[in-house]
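In the order they appear, the protein sequences are chains A and B. For the record, in the first sequence the residue sitting at position 143 is 143 according to the working numbering, with numbers rising by one throughout. The working numbering runs 1000 ahead of the 1-based position in the second sequence.
Simulated from the structure, these hints should not be mistaken for laboratory data. Small disclaimer: the values here were computed from a predicted structure and weren't measured. Some clues are possibly wrong.
[To be verified] Here are the simulated distance ranges between beta carbons:
id : chain 1 : residue 1 : chain 2 : residue 2 : range
1  : A       : H171      : B       : E1127     : 51 to 61 Å
2  : B       : P1156     : A       : R28       : 19 to 29 Å
3  : A       : R28       : B       : L1078     : 34 to 44 Å
[Stated by the list, open to error] If the Cβ cut is set under 8 Å, some of the chain B residues that face chain A in the computed set are:
id : residue
4  : S1017
5  : A1019
6  : G1022
7  : L1033
8  : E1043
9  : A1046
10 : L1061
11 : S1066
12 : G1068
13 : V1069
14 : A1137
15 : G1141
16 : R1174
Every residue, glycine too, gets a C-beta built ideally from N, C-alpha and C.
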Amino acid sequence: MYPDVEDAELALRIGSGTDREAEAELFRRMAPRIRLYGLRHLREDQAAQDLVQQVMIAVLESLRERRLREAEKLASFVLGTCRMTVLNIRRGDHRRQRLLEQFGPQMLQPVGPANPQPDSEHLERCLRALRERERSVVVMSFYAEQSGAEVAGLLGVSEANVRVIRHRALHQLRACMGVAR
Amino acid sequence: MSCTHPIDAAILADYWSSALAGQQEEAVEAHLLGCAACSTLLEQVAALIDGVRQVARSGSLRMVVSEGVLERARREGLTVREYAPPQGGSVQCTVTAADNLLIGRLAVEIHGGQRVDLVYCDPGGAEIGRLPDIPVAPGCGQVILQESITFAKAAPDNVLTARLMAQEDAGGERLIGEYTFNHTRSMPGKAAW
């Protein structure tokens, strides 16, 4: 285990030979972040899990073959790989099966679930505690996925004002739920 | 696990709901891929947003909504029951077990910049609840009010009057719309009160 080793150092160790522990540690760190990227862009958990596998395979392959010249740029490299892979997924690319056969499924276990869902009843009380405008902006933004411009038009305020209301409400909800840092 | 330049939770919420401009979104993503602390915070924010969606789907909040909210609910297969009482008039209404959202469309003309409160009154005209400073825009023509479906499903036969009250700069308030809902219980079982 390399809990205190920088990401760049892990990349170097992977490139210096077959360091399976370094590879496992990199997977442990990067997989949740890649999954979030996938959920944000693909909006579906299974697709996000697939993205994790495809990206990690491509990244490990590159590191093993020392194709990343500057280890400090690992995060940028992973992000670039995420972007390319999402494009490929959208194009219906089926490279995954071939790569899974090459690397084996044991390392590429699905990432565990993200944070547990907040208590619905508690959250409902927190939503009730918001001002009317804040509650409406939160529901229009996060449930209906209406843009800031749309919500601004509905409320007769500026887009910047909607952003302020949304941010204030988000902080109040987090504080009410006891998760604000 | 710490971060020297943590991203604010509200910015992460904007990122999660696709509300950031292109360059800002790219900067956030570049940071997230290299930062465990901010990724963990994003997971919390994403879970909170998902929780908000679940509460919205439950129809349990009494609040002003938009056509966009109703469209989203219908796309998700939810059943939306709507009533549109005439201004100054009344409507017979109910709610069934199959309904997910209960909506009242209150026709009204709103003029520039005035604060509007929504006041609930009993059949005798006494105020029993108030939503202060509801979100309305001049010229919108209506207020789309979501009544709590949980409350409505538990309710006995009752009469509820909703009043839209413009708040005057000099103090006091002025009635700009009144709508009466004559609710008949059609849910099986006894009412909750």
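List in ascending order the numbers of the hints, as given earlier, that are violated by the structure. Going through the list in order, the structure violates hints 1, 2, 6, 15, 16 and respects the others.
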